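Trainee: Listed below are the residues making up each chain.
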Amino acid sequence: MDRKRNYYEDIQLFESGVVLSWTLALLAFLFTLPLYIPSYYMFLLSLIMVHVIMAVGLNILMGYTGQISLGHAGFFAIGAYATALLMSKLGLPFFLALPLAGFLAAFFGFILGLPALRLEGPYLAIASMGFGLTIMHIIGRWEVFGGRMGIHAPPLDLGLPQWGFSWVLDTDRGKYYLILIIAIFMVVAARNILRTRVGRSFVAIRDSDIAAEVIGINLTFYKTLSFMVSAFYTGIAGGLFGFVLGFFDPFTFTMILSIIFLVMVVVGGLGSIMGSIAGAALITYLQYSLLKNMAEKPVIGDLLVSISKKWFTVIGLENFNSIILGLIMLGIIIFEPLGIFGIWIRMKKYWKTWPF
Amino acid sequence: MIGQLIIEGLAIGACYGLFGIAVVIIYKTSEVVNFAQGEMAMMSTFVAYHILTYYHYPFWAAYLLTMVFAALLGIAVEFIFLRPAKNPNLLGLIVITLGAEMLLMGLASWKWGAEQKEFTLPFSTLNTYEPFKGLIINEWSMAVFAAAAILMIILFLFFRYTKLGVAMRATQQNQHAAKIMGVRVERVFSLAWGFSSFIGATAAMFFAGRATLDPAYMMEPFMRAFAAAVLGGLMSIPGVVIGGELLGLIENFFGYAWPEWKPIVAFVVIVLVLCVRPSGLFGKHYVKKV
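Line order of the protein sequences matches chains Z and U.
Each residue of the first sequence is one higher than the last, beginning at 0 in numbering that gives the first Met the number 0.
Each residue of the second sequence is one higher than the last, beginning at 0 in numbering that gives the first Met the number 0.
Bound conformation, chain U alone (with noise of 0.2 Å):
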């Protein structure tokens, strides 16, 4: 039974932690908090819906272009809702986040309507294997387990070895050196929201796959994959990573023996880390100078 918990745990944990990624590397390289993303990433899903449920393409191909799409609404919200901003502060930053994903939600609703619709993995969790004993595992938690580790080593790679992933470190780390050595800054920004949406999306259809699709589905994934990342300190992948499994474990034992109080236990977790250690757990405590 314990090493169930732990199993489906780890499995919804990668998920969050695979959605974490994606608000982690917008922050990373613009320092925006985008809660817009459980959004962006809702209506690729629906794209990805509306391309298997009214031209029946086949799923990989479906996935492709809802690849392309999510990458592509990714640097448009970029460049026409956060480039013309003069700049912001936080707050108006966050508010700029919080209004596309109003639009967006309005957008998706008025497209598809509110009800809830079924949404087909090619994984399944209703098909199990037991590898070890009393050891059960199903599909769409193996599916969760390969795409959070291939993401893991391919954003390693390309963080570390090529020039855009370069860039966006240079970006981060200071914004106006990295423009002065010849990065287009603008470009990184809109590449980086790109590739999170991309990386959103993907993780929006497992969380699809396990529950329903409707234009409202994806706001409490969000906010726990947000936990998750907070936990994880809103800087490093990995960091990410383990706050989203740290997350997955402790709500699913939390919720096997209080089923009831399981919605809220993320952010009991939250809180009381944050009063601990205010830059999560893996962050460098940020030190302001006066």
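One chain only, chain Z, in its complex shape (with noise of 0.2 Å):
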């Protein structure tokens, strides 16, 4: 079907006049979405939101490089700790903090990419599996990050505080809008740096690295470097996530967290932007509304608890989204590999051939 004509197309940043509408016409309604739905949403939308930026890193090393991350909740933490210590600590302005805890946690990227050098498949696993849960136990034992106990976000303060100028946001609405623009920033950089040599370099890398390697792409070079962009676009949804929450210790960051991002990406779709975006939405919302309090839903709940009441505890379902997700891993792989975004293929290439 989409067969491209010229080497252009390739390098374009819309596809065509009809994706770019399109795009506008979403953009348009996230950003008028908080006057139709009710404010106790905005929670939900913001966190999101982060998880799109997160996603959008994660698919650049999984999707684009074809590496392995199970430790891409310690770059999470990562972004969360610093921004927050940097703008409490050291007193640093909003918009130095975040990019700065961005390209720390870009340095722990490269400290991971080295090693996965040379490793591969479940070697890479272990080895960022490690990492995640390295970072989790220094954050959980070091006074300065507040240790077991956690650290309050300081208030999102866009001015600068220390000048007398300061612009605090501090409703979920206002939180909204900066996340939002940030992610479209970070979304269309994505979309920028993969377009690119480097982007091309990355996707030479994942479909053999040797031959990859033979027509003159640094391996040692663009690998990190995949880690290092992917380790920063996590830092920065790290960050804001921390606003977000308002709170955090270190068991938010645990190994779960990690598996959770791996789902998400993989559920939209590996190798797609618009997929991670899909797959983001929907694990989250999934996560942190529709599977919460599964007792007090209305129709399924009283089924779930007589359930429970028969055969399990009613102490246990709160894990039932636990199931849930599992179920989608396993579904996904087996019936739709190319997640949503494969999904989203097979529907357009039955509509434009159908009748036939």
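Just so you know, the hints here were simulated from the structure itself, not pulled from any lab data.
You may find that some hints are simply not true.
[Claimed, not checked] Cβ-Cβ distance ranges computed for the label pairs, FRET-style:
(1) Z:V298 <-> U:P57: 40 to 48 Å
(2) Z:I209 <-> U:K178: 25 to 33 Å
(3) U:A148 <-> Z:A210: 43 to 51 Å
(4) U:P83 <-> Z:E212: 29 to 37 Å
Since the model is a prediction, treat every value here as computed from it, not as a measurement.
Just so you know, even glycine gets a beta-carbon here, dropped at the ideal spot from N, CA and C.
Take the two lone chains and join them into the complex the hints point to.
Mentor: See below:
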């Protein structure tokens, strides 16, 4: 179907005018969203936007460069703690602290990227998993980071409080707009990275690292760069996550969180920016809203409680989301390995050639 | 003191090795890294706990029933989740096993609740003996050593002399050639999963006897055991036991000197070893042919 006809199409920001207009419509929808939905959904929307940034970053690593990471919760934690501490302890303004936290996470991404040069597959999975756990333990042990008690995020001040110019965002709606703007910026940046020489090198490494090396791609440079870019995105997302939550401790960033991040990317579709956005939105909605407090849900709640009373325990019902998440992971690989993006492609193909 | 640290390190290392064997058996036959191994074993241990507390069976009867359950669980996971996937790549396999992990963990915490429970083994860590002066060994460690030794011998004989063991080795070396020679590769995979789940459940009972039982209790031991397996090269059964013992010793000595950093020492060791030898200490270095 959509055959590329010239090389220019490979590096366009938008595939066609149709895509451009739908993207603009989506943006308009996102910007006006607070007008039509109740304000208690703002928290969820901010969380979705944070996870969109993270999922796009993780997709650069997993979907485009073909590396595996089970330690992205570590970068997320670095971003969250670095932003909060740089603002509260050193008094840096927000617009300086957030990129600094991102660069700090990128530095750690560089460190994780070095062993990753020699590792692949299961070995890389275990190394990155160990990285995430190590970060969690270090944060939990060090008093600067608030130890096991966790820390409060400072007030989200966009101005320069030292110079008497402060602009504090304290409503969920304000935070949503800030995170939305940053998310749009980051997503467009990711799209731009991926259509340059760097992005094409990532894809070449994913498809065959030996062939990539043969045609002159510097594997050391581009693999570590991919880890750094991905970590930078996750760090930025983590910094914003801290403000959305307001309070966090080391146990927020467990290995389960890394797995949830992985699920977002895989469910959305590897190697697709739009897929990551959809996957992050879907999984965040399931995880933080739909599958919370199952017992109080209108129709299915009573049924689940009676099942729990008969065969299971009612107190364990709060872990129901983990069952659904597991089933989603299994189902997506068995039925549609390309995730939401794959379903979209199939739908498009079906309607394009309909009635044949 | 040093002798004591060595004994305890070796005991916990043998436990890691035992669980690592379960990881290696699956990886050896089907090249799948089973992230659900810990949760499969956790589920089996909970079944044993259920039989012991609600039906009051004697321990060995409960153990036998649990082992049957564990083997069936392993076969079921392979049959329901891995077999329908059409040519999944490495990431796909990792996601499938992680999905099975989440599913089993959710089911176990739905069934038994998330609070911690006592799991009593017939071998307690409190009953101690002193064979030499100043060297105390507890019953739990002795049981672990015995179990590891017996299992190693059984596995050696199994892989060398039985038809199924030879079929497993053949499948590992070349799946297609094995199929041509009349080995039912799919069935071998299923049986390998059942076998590995059985070994994992045995190791998990030792872990539960040492600490407490809750739906997340196997996560940390699984990662240590995985680390031991990676240290040993993910392919050889003696390698994983040696890797487990090394890890147990390093961890115990390190934990004695700096107790607060004990949980992460395993991973630092792994990353350092992998940087020097990317396929583990005893694995053959894998050269990709283009």
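Trainee: Hint by hint, which ones does the structure fall short of?
Mentor: none
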